[in-house]
Structures are given as C-alpha cells and as structure tokens.
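Visitor: Turn these sequences into a full structure, and let the hints guide you.
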Amino acid sequence: MRKVEIPVPKMAEPEVSPTERAFHIIEMTAQLGRVSTVDIITALGIPKTTAHRLVSNLEELGFLEHGIERGRYQVGPRLLELATNVLTTAFSHGPVHALLMELSRRTSETVSLGVMRGSEVVYVDSAIGNSPLTLNFQKGHRTPLHCTSSGRVFLANMDQKQLDAYMLSGPWEPITPYTIVDPDRLRQEIDMVRTQGYATNDSEFAIGVVGAAVPIAARNGRVIACLSISAPKARKSLEDITLFVPTLQAAALRITKILSVTKSDDVREEAEGADGRRRS
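According to the working numbering, the sequence shown is numbered sequentially starting from 4.
There are no misleading hints in this set.
Below, simulated DSS-like cross-link-like pairs (lysine-lysine); rule was C-alpha separation at most 27 Å, straight line:
| # | residue 1 | residue 2 |
| --- | --- | --- |
| 1 | K142 | K260 |
| 2 | K236 | K142 |
| 3 | K51 | K164 |
Just so you know, the hints here were simulated from the structure itself, not pulled from any lab data.
Guide: In structure tokens, the structure reads:
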C-alpha cells in the first residue's frame, strides 16, 4: 500500500509591529550603550530603509541621539528623563525613604539618593541629619559627575567607551580650588574607586564639606543609583566619613532587595490581574 504524506501547513510568522521594533531598538541601545544602524539591521533582521526610518523617528522623539562616535546612537534625553522619573518613583517608595531616615538618625548626617542623568547626578531623595549644622541636598538638586562622590561612583561603573567619551568633555571648570579638573587625574581617582568600591570627596564641590558614596545595583548587578553621606568638616573629617562606608554598603544592599521585592510584587499583581481578566 502506497504511503501518502499529508503536508503540514506552515504557521505564518507573527508580524512584528513598528512599535515592537522601536522598543527593541531602545532596549538594545540601553544595554549596549551605543549602536549603529548596521547593528540594528543585523539584530532585528529588517531592511536598511526601515531601520533608518525607525531610528529617525526615535531621534525626533528624543529617545535616541547621535553619540560622540560617528554613525552611532545613544539613549536620548527623553528616555533618560523617563528613566529618572521611574527611579524617583521607586526610591520614594516607603521602605526606601524609611531606610534613609534610619541612616540619618544613626549617623546624624545627611544621607542622599542620586541617579545619573547625562553628565550630572540628580538627587531623588534625602534625609537630613539632626545636628545643628547640616547639609540639604533637596529633591531634584543636580551636581556634576566629576567633582562629587556620587558622580565618581557612576563614572567608575561606566564601560570604557562611555568613560572615554566623558573624559573628552574635560578639562572642567573648577567649582572650588580643590576641584580635580584634569582628565588624567580624574582617571586615577576613578581607578581608586573601582579598586575600593566606594568614592570620597573633600571640598571639591563645596568648600568645607566631605562626603562618601557607594553604588546601588539592580538585581542584574547594573548600577542604577548611588547612596551618599555628607558632612561639614567642622564636625567630621574625611577619615570619619569613610568609617560610615560599610554602613552605607549594607544599606545599599537592603535597597536593592526592597526594589526587587517591590518589582516582583508589581509583576505578580499584574499577572494575577491579567489572569482574572482572562477568566471573566
């Protein structure tokens, strides 16, 4: 008896919408730091004209911008603003602010949370010390990367291409007589931060103020924020402020766990809600 094979119909490939492709490009750029149109064409398997159109639209909307390297794109100001807003909301979450308050009470000094936006640190939350003379980094306050302890933590966690690109913006204008403005000297400081895992600052941003900062990492290990402490030199020396580093590092780890739990809860609630909608 002759065997008859019945052809199995092929399932049509699901069509990828322009919106999905745009999000793929944004995600790819955020992960790699800088991408070219060729990178996008290869990764997404799309025609050159489509890639150019998507990149042009994203650039027009502010989600991408031209990087220092010719022909490469990096995340744009609008995406950075959205990321900052998301982190601000996350860090304003009750347990995180309560932890800042606890640190401030234990140290009697100002403790702050900062995120990187462009070439600046933006402070998204803080707790003021209870000593008569205190410093106040208000929400939304901005400081340069090169002359603050938080800024140097961010610089130390950049990849080499990002760091090299930043160094091209130097030398910088001195904010105080103690500000390091030479790129080579700043690289030495950054190497030290990478070795010891934290950064310090002595009167480089404000005369008579010392500070220290440690990184806050996401669950994947990527640095998303900084936790810092600052005090007047009239009350604390640089050595004194450095003694708080282990306390800051322990708190940074707790913040990572808080954010992880919060995110997991959000995902779980969303999944349960979707499941409920499917059943109804």
